[in-house]
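A.B. asks: Construct the entire structure; sequences and hints are all you get.
Those sequence lines, one after another, are chains C and Z.
Under the numbering used here, the first sequence has 155 at position 155, and the numbering climbs by one with no breaks.
So the mapping is simple: the numbering used here equals the position in the second sequence, first residue as 1, plus 1000.
Derived from the structure by calculation, the hints contain no laboratory data.
Take these hints with a grain of salt, some might be off.
Not the full set, but computed from the structure, chain Z residues with beta-carbon under 8 Å of chain C [as the list claims (entries may be wrong)]:
1) Gly1121
2) Ile1132
3) Ile1217
4) Gly1219
5) Glu1220
In this text, a Cβ means the ideal position worked out from N, Cα and C, and glycines have one as well.
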Amino acid sequence: MSTHDTIRATTAGLLAAAVAFTSPSLAGGQQKLLNVSYDPTREFYAEFNKAFAEQWKQKTGDAVTVQQSHGGSGKQARSVIDGLEADVVTLALAYDIDAIAAKSGLLPAEWQQRLPNNSSPYTSTIVFLVRKGNPKGTRDWDDLIKPGVEVITPNPKTSGGARWNYLAAWAYVLKRELGDLSKVGNPAFEQETAAAQRRAQEFVAALFQRVPVLDSGARGSTTTFAQRGIGDVFLSWENEAFLAINELGKDKFEIVVPSISILAEPPVALVDKFADKHGTRAAATAYLEFLYSPVGQRLAAKHYFRPSRPEFADAADVKRFVKVELVTIGQVFGGWKEAQRTHFDDGGVFDQIYKPK
Amino acid sequence: MTEPAWVRWLLIGVSVAFLGLFLIVPLVAVFSEALRGGVGAYFTSLIDPAALSAIRLTLLVTAIAVPANLAFGLAAAWLIARFDFVGRSVLLTLIDLPFAVSPVISGLIYVLLFGLQGWLGPWLSAHNVQIIFAVPGIVLATVFVTFPYVARELIPLMQEQGSEDEQAALSLGASGWQIFRRVTLPNVKWALLYGVILCNARAMGEFGAVSVVSGHIRGETNTMPLHVEILYNEYNFVAAFAVASLLALLALATLGAKSLVERFSGAGQRGGGAA
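C.D. replies: Rendered as structure tokens:
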């Protein structure tokens, strides 16, 4: 390579860099939204974004493109805190959006009151995905700690879905020990509840002893279980379980619904400061509201999220969701802030019970 | 003196088996997985807008990182090999830093520096400059992890060659620029080329550091390696392997270009010597 070429190549590179620096602001005439989301929503938002763009075009005449970023919920929240300029966030649990509000002030602390159903347009739950024929005979949570059973779940420190897994298992033991979850938090049953909490901790500790691989996000765990063939039971988001069966073969896996599980409410929120910076507040707000519309609800159910307004969804889609007793995080754990502090913060219960092999 | 035939054949057999197992089989697997859905599906997944954007971004980042490191590497190697100065060993250590730290840490350094909660983040945000979770951050992270390749190739060679040639040129009245063009550069040409090729390969394939600063915005801040991961996670195996095969092709093309340049400049050198 001659020196002239080198100089030319360097100049070209620097020019390209200059263009790259300035081009995002030249996009004008067309609005762009960035939706920072968690792992299992990829397929749903791919379809929903198209529907929203069409509806927005009809209503306002403006073109809008929605860009997506997916990853573990906690990691995604961290990126927004560090400056990933999301107009909206659609994450796995309220705590991650609380963290954005608390650590960066990009949206108000009371964000969750701004949209219906605690800002969760759709809900989900945790089910078991097992190999076809259910060779280990897994029926309920107790079967997970039987000898010789390997369990797959992502890491509760980084994955929203894994935190729901953990809390669902915990809630199951409380229900088994107490018979009635309304005893939790009732001073009259304080001793009984404390004993049940100890049993729950033992159970969850035993459960995590059986996890050979802790991936950082739900989709990574799906791959570990379904593609790499590791483990007997995969604690999975309901929609991930359906998706794995559809994408990777009905003859390979089946879903087992336990006797009790948790009502997972993946919330959505406008990131005020970034939306205002981009001048996209109107479109971003309409985008989130569209999630609650008949179209949004129908698409959510189609992609295996439980719609908050089932009457808008196709009856056939709704029929796929098995009826199961679902406990809420407020009911058993005193809300996300409390649950996060007790269980998942550094030095919390999870750190105490989980010892990597 | 030669080894007995069976020893030679055994050694050759082991090497070929090893190469086959660790290089050829994965390469073949990538292409066969990519073509599993037929040639049509292969090209459809390559002209998908998100894939095209990933390819563009990777080429852009490489086009910036490689020339930048060519200049930095050459300057640093020249400084270290030709001069003795205070802080020389510190500079040498700093050049090795990107080799020593995990790429993930390299990425995190930029998040700490340019992130909204970082040192420069608030100022940058107020002035509407986006570094991380945008192209500049990806370029910075790539330049950082590929920084040592050129310098590290050049330093031992230039130290070994010493500065006699340059001093001779100087005593014959050559200017600094002439010395650089006529003496220094031709002497280190092959090492430089080798460094550039390594640098190029790493720049195109870097995953860890880029993953931390990318923000994973589909169609905007995903490089090819990141896009491969995303496609794989979306159960889109044909597309994932198609993009992966393109990365492999780029690597093969780099190697091809290397041997081609070697041949041509080798011939040029001989011709020049005769004239």
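A.B. asks: Can you list which hints this structure breaks, lowest number first?
C.D. replies: Nothing - there is no hint that the structure violates, so all of them hold.
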